[in-house]
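There are 2 protein chains.
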Amino acid sequence: MIKVALDAMGGDFAPAEAVKGAIAAVSKKDQLQVLLVGQQEVIEKELEKFSYPKEQILVVHASEVIETEEPPVNAIRKKKDSSIVVGMNLVKKKEADAFVSAGSSGAILVGGQVIVGRIKGVERPPLAPLIPTQKGVSLLIDCGANVDARPSHLVQFAKMGSIYMEHVIGMKYPRVAIVNIGAEEEKGNALVKETFPLLKACKDINFIGSIEAREIPHGQADVIVSEAFVGNVILKLYEGVGGTLIGMVKQGMMTSLRSKIGALLVKPALKETLKAFDASQYGGAPLLGLNGLVVKTHGNSKAGEICNSILQCQTFKEQGINDKIRESLQSESVKTGDAQPEQ
Amino acid sequence: MIKVALDAMGGDFAPAEAVKGAIAAVSKKDQLQVLLVGQQEVIEKELEKFSYPKEQILVVHASEVIETEEPPVNAIRKKKDSSIVVGMNLVKKKEADAFVSAGSSGAILVGGQVIVGRIKGVERPPLAPLIPTQKGVSLLIDCGANVDARPSHLVQFAKMGSIYMEHVIGMKYPRVAIVNIGAEEEKGNALVKETFPLLKACKDINFIGSIEAREIPHGQADVIVSEAFVGNVILKLYEGVGGTLIGMVKQGMMTSLRSKIGALLVKPALKETLKAFDASQYGGAPLLGLNGLVVKTHGNSKAGEICNSILQCQTFKEQGINDKIRESLQSESVKTGDAQPEQ
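The listed protein sequences correspond, in order, to chains A and B. Residues in the first sequence are numbered consecutively from 1, following our numbering. Residues in the second sequence are numbered consecutively from 1, following our numbering.
Just to be clear, a hint being listed does not mean it is correct.
One copy or two, either will do: identical chains are not told apart, so a pair holds if it fits within one copy or between any two.
With a straight-line cut-off of 27 Å between C-alpha atoms, the simulated DSSO-like cross-links for lysine-lysine are [to be verified]:
id: 1; residue 1: K260; residue 2: K29
id: 2; residue 1: K187; residue 2: K79
id: 3; residue 1: K193; residue 2: K302
id: 4; residue 1: K260; residue 2: K250
id: 5; residue 1: K3; residue 2: K45
id: 6; residue 1: K302; residue 2: K275
id: 7; residue 1: K78; residue 2: K187
id: 8; residue 1: K54; residue 2: K236
id: 9; residue 1: K135; residue 2: K260
Calculated from the structure, these hints are not laboratory results. These figures come from a predicted structure and were not determined experimentally.
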């Protein structure tokens, strides 16, 4: 039985969509239990609306809620009875295998490191969302809050990202590339230039070299390695340019009677095509390298994305991803002779 | 009379589109002379196809061509009789006010610094393309090849960008923002955190704080300050996501008979809307802070963009942008007491 703690209070549509997502997930899988974490009365009132296998959904009470605008470090320290802190403690105490939340990104990143803690040898846990491409999805690693990374961090990101893409998403020999401003090896800033030969020397990944940002939407690599500042810019610009263009297309179609009629005719086909440019079917963004798993879903995620994120946790556990990460880093520390204390 | 040297050999459609662009520009402005730089015979053969005011278009022979794949530093050093080196030397010798090229970005950036040279006090000349937004255009500064910038560089970028947007594009009190991964002042990497208070203290710009990448396409700032690695990623991802989405929309419209009929009906309206999301009407990307002006146009630019780039050089000169940059940096060096030798 795999147990996933779900933040029932996080995100724009909590608790309704969280509850619906939990019910959808358990209706698909038998060997799955969802622990809905949050204000018991509110959650139970929502649960009453549905019929579901009672033994697969439990409520764990947490009286407080961390708001998205709260400073994360403070929020994690002070709101001990918040859904995020309670949920993460379930993972820490091995009472849950994973924690899923659509709540405050900052609090989730801080809590993941401080409460759940890192796997021995992991220098930094990266946040790794899937982004849509022409060909499917790519993993963008790291988009977290740890900026000013070192080359050794990026090498670990490449390894963890490869393991995730191969065993959770099911992609054989995922192509790993580093974000750069040109295709040639001598291009880049100091960080990229230092990291490039390390990735090239790394035997357990399929490193294909640099990737220019222009090529990312074309799906030219499966694991896209970057430090978090650049990763964050890529992730957010993706959403911004995509949203703006789709908005302009819709607006353009409404400018005349002729175009309005045309819009009615193209709408179904267009909807189908643009659905391909949406990564939410794969679930949320995992925070990798933790003793357990934390998944951040979009703040505006609906039941579908939440359900997919829960199922993603199940695959993560079944595939023994953390054991694979431990092995991969151990082989490295044996080689280099250094090891880091578990946090 | 303003003189603009134009690389007749650079870009995918040289020399035909360069020649057409030059003719279009001089037909719009009397006080303008275009010096077509490149292989004389080839250019003259192209010119023969048109009638135009002979005294406004001259040919300056240059026997060599720098290819886009050549290592820039080498190319500039060795190909002394290339259209880029000859064109830039015209600016250096004050025989032209500006140089426009659709050729190798690398060679243009290197040549700008090495041949044309920086204005006294300018630490780094930034490449500053205009990018389309929902509301018009924003200046993205810097997208050049100088990575690993310092805070003082970014402050100069902000000043030069403001002057350009106000006096060349005609935007009053342009809003200046720094690219960041959150809106709060304490967010960011080391560079952004150090630069933020300097921009805040800068009296001659209208600094509005941080901008997240998601907000860039919404036009939330007019001058978007960033070091070149991040700027480059933004510029190229903009093109990549935009191109991919438009491609998918087109493809989606062709999937059924129904959608094909719809496509015919929406096409004119859509074309009109998407034209608004195109910055080429403003010309190419200026390399700012030089003793003169160098403008890089897209490698695939047609006559329209080349013509606009030439006209942009005229506005640049008429508005005395370089004098304004000198004044702005002088007031700074008076304050801080430091000055740099002219290169």
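Checked hints:
In the homo-oligomer, the alpha carbons of K260 and K29 never lie at most 27 Å apart, since the shortest distance is 44 Å inside one protomer and 41 Å across protomers. Taking the closest pair of Cα atoms, K187 and K79 come within 27 Å of each other only across two copies (22 Å); inside a single copy the shortest separation is 46 Å, beyond that limit. For a Cα distance limit of 27 Å, the shortest separation of K193 from K302 qualifies neither inside one copy, at 41 Å, nor across copies, at 35 Å. Taking the closest pair of Cα atoms, K260 and K250 come within 27 Å of each other both inside a single copy (10 Å) and across two copies (17 Å).
Taking the shortest alpha-carbon separations for K3 and K45, only the intra-copy value of 22 Å comes in at or below 27 Å, while the best inter-copy value is 76 Å. When the C-alpha separation of K302 and K275 is checked against a cutoff of 27 Å, the pair qualifies only within one copy, where the shortest distance is 15 Å, while the shortest distance between copies is 34 Å. Taking the closest pair of Cα atoms, K78 and K187 come within 27 Å of each other only across two copies (21 Å); inside a single copy the shortest separation is 46 Å, beyond that limit. Taking the shortest Cα distances, K54 and K236 never come within 27 Å of each other, neither inside one copy (39 Å) nor across copies (51 Å).
In this assembly of identical chains, the alpha carbons of K135 and K260 lie at most 27 Å apart only when taken from different copies (23 Å versus 30 Å within one copy).
Going through the hint list in order, the structure does not satisfy hints 1, 3 and 8.
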